[in-house]
Each structure stands twice: as C-alpha cells, then as structure tokens.
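**Q** Chain by chain, the residues:
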Amino acid sequence: MRIPNRWNLPDLGLGIGLRTRHFNHILENWPVVDWFEIMSENFMDTEGRPLYILDQIAERYPIVMHGVSMSIGSTDSINFEYLSKLKTLAERVNAVWLGDHVCWTGVAGRNGHDLYPIPYNEKTLGFLVERIRVVQDFLERPLILENPSTYLTFASSTMPEEVFLQRMAEDADCGLLLDVNNVYVTCRNHDLDPYDYINGIPYDRVVQIHIAGHTDKGTHCIDTHDGRVIDEVWELYAEVHRIAGGRATLLEWDAHIPPFEEVHAEVLKAARYRDEVEVASA
Amino acid sequence: MQAVFTHPDGAEAGLQSAEAQKCIPTSIEALDELVLPSKSLTAEERLSIYANMYYWRLIDILVDEFPTVHHLLGPEQFTVVVKDYLERHPSTSYTLNHLSSRFAGYIEEEVRDLPHREFIAAVARVERAMEDVFDESYAEPVTIDDLGSLSVEGLGDIHLQIIPALRLLELDYPVNNYITAVREDRHMDIPLPAKTYIAVYRSNYKPWRVDLEPQRYALLSSLKQGKSLREALESCMSVSDTDGLACSLENWFRDWAADGLFCGIKITAGE
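Line by line, the protein sequences are chains A and B.
Just so we're aligned, residue 20 is where the first sequence starts under the working numbering, counting upward by one.
Just so we're aligned, residue 40 is where the second sequence starts under the working numbering, counting upward by one.
One or more of the hints may lead you astray.
Listed below are the simulated EDC-like cross-link pairs for lysine to aspartate or glutamate, each with C-alpha atoms no more than 16 Å apart in a straight line [stated by the list, open to error]:
# : chain 1 : residue 1 : chain 2 : residue 2
1 : A       : 288       : A       : 254
2 : B       : 78        : A       : 210
3 : A       : 104       : B       : 174
4 : B       : 245       : A       : 66
Treat the hints as calculated values from the structure; they're not laboratory data.
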C-alpha cells in the first residue's frame, strides 16, 4: 500500500541525527548517508563551530530541522523571535522541512526544557490548531509535528492521542512526524495497544518517521535515545511501512552515543524492513 | 503543572506549593481527579517522572559547562548548589545557552557557607566565558598583513576593532592553571589569592584562555572599549613602567593578529 503525503515531500531514505560527537568523522570521511536531521536550537543561537560545521554538511546532504522549544502547546504568547531565527536557519541550510513536538515546554515565561504533555480534548485541540496556523503562516511552510513520549494521562483528556493528532493535522493543515519509538513508549506507559495507535494515524499527513532506543524501567518506559532500537519497535516500523509505504526515516541516538559507523549501521537495519515490505507487495 | 514538574523537592512538594495551588487547588489524595494512574504507577509516581527528569537533565548540562566547579564541589554538593541556582534563576529562554549565564554571579553573591567560594566563583566566571565565546557572533578577522600595511603616520588615530568572541576577566585568584590541571586530570592545590587577568577568546572556532600581564590586559581592554590606539597605549603605560614596552607591543599585536582577535581597522582622522 502506498499513501503519499499530501505535500509530496520526498522520502529522503535513511537518515541520522547530526550530533557533535560525529562532526570530525563526517568532515573527514563524508560518509554515504541519505540525509541528516539537526536539532534546530543547537544551531540557532551560535555563530561558532556548530554552525561552521553545519554549513559544510548542508552543502552535501539534505537537512531536516527538528526543534524542541517551539512550545506550541503553551499558553504563553507565540515567540516570534524564536520563529524568526528558526526561519533564518531553515533558509540558510535549505531545510527540506522543519518540525517540533505536540507539547509545551514552559509557561509564564519559564522553560522546563522538556516535552510536557497536553490534555487531549476539544478545548486544547482548538487552541493548538489556531497556534499551528499562526506559526505556519509565519514560517510559510507546513509544520511537521511529532507525537511525544508521554508519562501521564490527564483526566480531562477525552480522546486518544492518535485521534487528537489526526484531527489536529486536518484542522491545522499541518504534517506529522510519527515517532514509532514514542508510540511504543507511550502505549506501554498508558497500557494501550500500539497497533491500535498506528492504525489510527492519518498517513497522508505523515512526512517523516523517527526510530530510537528507550529505557525500560519495568513499570514504565523512558524515551532516552541511548541505545539500539528494540525488536518490538522495528515490528511497529515495518507495520507503518506496510500501511503507508516509504517515509524518510531517522534514527535518534542522543546519549551514550557510539561511533558514527555504529549509529549508521543501526539505521540501515530499517532497509531490511522496508525491503521485506517491498517484496511482499510485489 | 510546571510548578509540580520543577519543584526541587519533587512532585508531591510541588503539588503542595503555593504556585501550584494558585493554579489548580488539589491534594495528593485528590490527584487522581487530574492525572490518572496507570496499571503500574500512581498518579504521583507518573508526575514524578517529569519532576526527576527536569533536574537530572539540567544538572547534566551544568556539569558539562563547569567541569572545574563540579570537581571542586564534588557531585553531591554540585547537585545541591545547582538545584538551588535553578530554583532561584529558572530558565526563561528557549535556548539552553543562557541557562548558566548567572551561575558565577550566583556563587559569588547568593551562596553562603561554601568552602573556597570566591575561588569557585572565579573559576565559574572563566568557564562561563568559555561557553560565551564558543557561541558568540562571528566576525572575519583582519590579518597580520592588514596591520602591517598601515602607515606609521597617524597610527595613533586608528581604532582596532576587537572580535565579539573575546572576554577579558579581572579575577582575585589565579584560576587558569588550576582549570587546566583539572581538565588534564592532574592534582593541584587551590592557589592563594592574587590579582589575575585572563583573556578568553575563540580562535579557529575553539575557545582559548590565556593569562595576561596587567599592561596587556589594560591595552586590550581599552581597544575593546573602542578607544583609539593612542588612548589604549596611554592606558597601558599608566599601569606600570614602560621599559621594554615597545618590544612587547610588537609581539603582542603579532600574537593577537595571529589569533584573529582583530576584525576591523577604522581610521578617525583628526582625533
């Protein structure tokens, strides 16, 4: 089955999150990687080495920008200074698309630098949709928003996360980044079936997929990005691929980061799942 | 909710805090009306996941930025100090670059009963300056040849513009060698107080820190303030005797140009 995204944004193949630890390796070897994703905030307020390196990498590889500080779900005013810097960086690196998370990171002028959850109900939906529209108008491009890993359920939520995402994406006309590891973590934490979740996703809105490792604490899972992708997450990834077809896929590895080759080898495993689906389809 | 997630004593204390109660009056007993439990965790335990991650993540960032302060305090005391710092000076920016911008001042002015407090504050100023210059604005440096091409006539009226990525620090302790020792995993006793001058700057995209003689500090400070070369030299000569100064000046300017500390030459005729 093939469900193209409605903006015809490309399937960039298999990418890696650009991390400082790998800068020298990349500059010395120019490895064959389909694309890189950057954490936007790491490059927005610097004119030092990170930006100097990024400029060189952006000349050779497609770059996708993924942020953690837009705080689209916050009740604070939209930070247009932040958006302006984001837009400038996107133009500088010729970002293929840019996104953030369905969350809030702070209120009342303070920032917790975490992806805090929002209740999923009609009131928050309308609030979020309006803010996404304003941001997209300013950025002059669709915003690609990711499902976060969450650790609590609000009593005021009235709909499942995937339904909220589907309605949000439709009403705001934005894109989705489906983090398959976050689906697994969230469903474990909320005693839900991850296959119900991924079957409820509107794939014509999905532009990108994330995969990552997490930490299983027994009673709950934490989205730590500190290791390999577990088999259950790979199986979910294969299922998403069966439903939607090829999507730009990105491996996140942010703690205890191994050498570049090891990270690259991990994301290349995705090719096997993609190929299996291709063969089965044929 | 933020007050609960960021309370230094955890989610329960956060829930009972005045800030949280002002927004959503509740109690631990009634928490289930706001946050549902899972099969494995209570509502409070679920809130605590966020509360624990807040300090864990931000303390980790300050450990990276202040390795020498961390070494001096030890992990336990460092955690106590940073939690108190974050409570008094929570992040108000989307970027983590500013998170520790007040940390040195906090140690200097707000922390009590901390052994070697003044020395630790001096170290923190240098380590924060290294963070600042790492990300500071870029300015294309002028070369030694550019400087050499200036005519001697009217040299005093030129203004040498200093790159933004330079911080000049006047400290009461000689911290530079100590910082190097810690970064190289060598033992060094905490030095006795002594007036010290340090330049922290970025050259070839790397942060550097060097001790300066008082004359060199005075000269560079004056240039950074936008004074003409003549005025800068006067301030330099007022610091100490001028024996051998001409020879030193040539070396200093050559070194500074080689390190890319100048980013412009402006000649203001008639000054």
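**Q** It remains to establish, for every hint, whether it holds in the given structure.
**A** Checked hints:
Pair hint residue 288(A) plus residue 254(A) holds up; C-alpha atoms about 12 Å apart against a cutoff of 16 Å. Taken as a hint, the residue 78(B) and residue 210(A) pair is honoured in the structure, with Cα atoms around 7 Å apart against an allowance of 16 Å. Using a Cα cut-off of 16 Å, the hinted pair residue 104(A) and residue 174(B) holds, with the two alpha carbons roughly 15 Å apart. Taking the CA atoms of residue 245(B) and residue 66(A), the gap is near 12 Å; set against the 16 Å cutoff, the hint holds.
Going down the numbered hints, you'll see the structure goes against none, and every one checks out.
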